[in-house]
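Asker: Residue strings, one per chain:
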Amino acid sequence: MKEQPDKLAELIKVLKNTQETEIDCDEFWEKAAYLAETDLLQHKDELRLYLHHLELCPGCAEEFELLKKVIEEGSR
Amino acid sequence: MGLDDSLYLAIRGDSNAQQDAFSKLRGQLLRAMLPKLKTMFEVNDSFVEDVVQDTMIVVMQKLDTFRGDSSFFTWVCSIAVRQAMAEMRRKRWKDYSLDALSTEDAFEPPASPDDFTERVATKEILDVVKVSISTALTDKQRTALLAELDGLTTDEIARRYDTTRGAIYKLTHDARRALIKDLHKRGFELEAMLERTT
Chain A
0 MKEQPDKLAE LIKVLKNTQE TEIDCDEFWE KAAYLAETDL LQHKDELRLY LHHLELCPGC
60 AEEFELLKKV IEEGSR
Chain B
0 MGLDDSLYLA IRGDSNAQQD AFSKLRGQLL RAMLPKLKTM FEVNDSFVED VVQDTMIVVM
60 QKLDTFRGDS SFFTWVCSIA VRQAMAEMRR KRWKDYSLDA LSTEDAFEPP ASPDDFTERV
120 ATKEILDVVK VSISTALTDK QRTALLAELD GLTTDEIARR YDTTRGAIYK LTHDARRALI
180 KDLHKRGFEL EAMLERTT
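Line by line, the protein sequences give chains A and B.
Residue numbers for the first sequence, in numbering that gives the first Met the number 0: 0 to 75.
Residue numbers for the second sequence, in numbering that gives the first Met the number 0: 0 to 197.
Bear in mind the hints are in silico, worked out from the structure with no lab data behind them.
Treat the hints loosely; a few may be bogus.
Claimed, not checked - Straight-line alpha carbon distances no greater than 30 Å define the calculated BS3-like cross-link-like pairs of lysine-lysine that follow:
#1 A/Lys30 - B/Lys61
#2 A/Lys68 - B/Lys180
#3 A/Lys6 - B/Lys180
#4 A/Lys43 - B/Lys61
Model the full structure from these sequences, guided by the hints.
Answerer: Below, the structure written as structure tokens:
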């Protein structure tokens, strides 16, 4: 459980960051392997929906970070 | 890289080539996953071996969905990390019940700031958020949103509802939009609310 009352602030932050159009987790993972091999900052405009998803979805963000570390390890 | 990836072609090849390619892929995946999972999540070798084994099964099932926009190995890793995290999350949240969630208990009363006006403002925000969650959302939207606030991830909520994580994301996205609309209707602006709660 998270510390209270941070949950209220956290919820409001998430609401403030909510957009009309967002991609969901399944859509994100359809492209995740490509994204893991791509310099996201260089393509931030084109990939903004995917970057936004990572900001709003802690589960996908955690898995994506792990993916990048694993492929880095695999390329050694 | 892509659909001409030698490992991918071998897996699609005759049974001898396929067996060799699988053995190579399994070894490569284990070498990449083992050190990271062990150091980051303190899991044992057998956990990682099981994840790799399960990943091989999913890879075979999903082979036709590989589009070739990354290396085949990266695509396999993208399956493996989700397998690993799903298993760890399932264990971590095994005693957590969605049935026990209620809006009233979701938020503790805010810590009391010294300033009386500030204290009243935060309480007012908390009250209106609770009312919005209770009245503007469907039961399923409310449960998924409160579970996410507790730290459950979309895949873990999806597992409990026997649906996809994409469906859960859409559910909570709709919930967030409904809350924004309702709070706005009640005269509350998110920017000002954020300033008062952080």
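Asker: Would you mind marking each hint as holding or not holding in the structure?
Answerer: Hints, one by one, checked against the model:
A distance of roughly 14 Å separates the Cα atoms of A/Lys30 and B/Lys61; the hinted pair therefore holds under the 30 Å criterion. For the hint pairing A/Lys68 with B/Lys180, the CA-to-CA distance comes to about 39 Å; that exceeds 30 Å, so the pair is violated. Of the pairs offered as hints, the one joining A/Lys6 and B/Lys180 holds, with about 20 Å between alpha carbons and a cut-off of 30 Å not exceeded. A distance of roughly 29 Å separates the Cα atoms of A/Lys43 and B/Lys61; the hinted pair therefore holds under the 30 Å criterion.
When the structure is compared with the earlier hints, a violation turns up for hint 2 alone.
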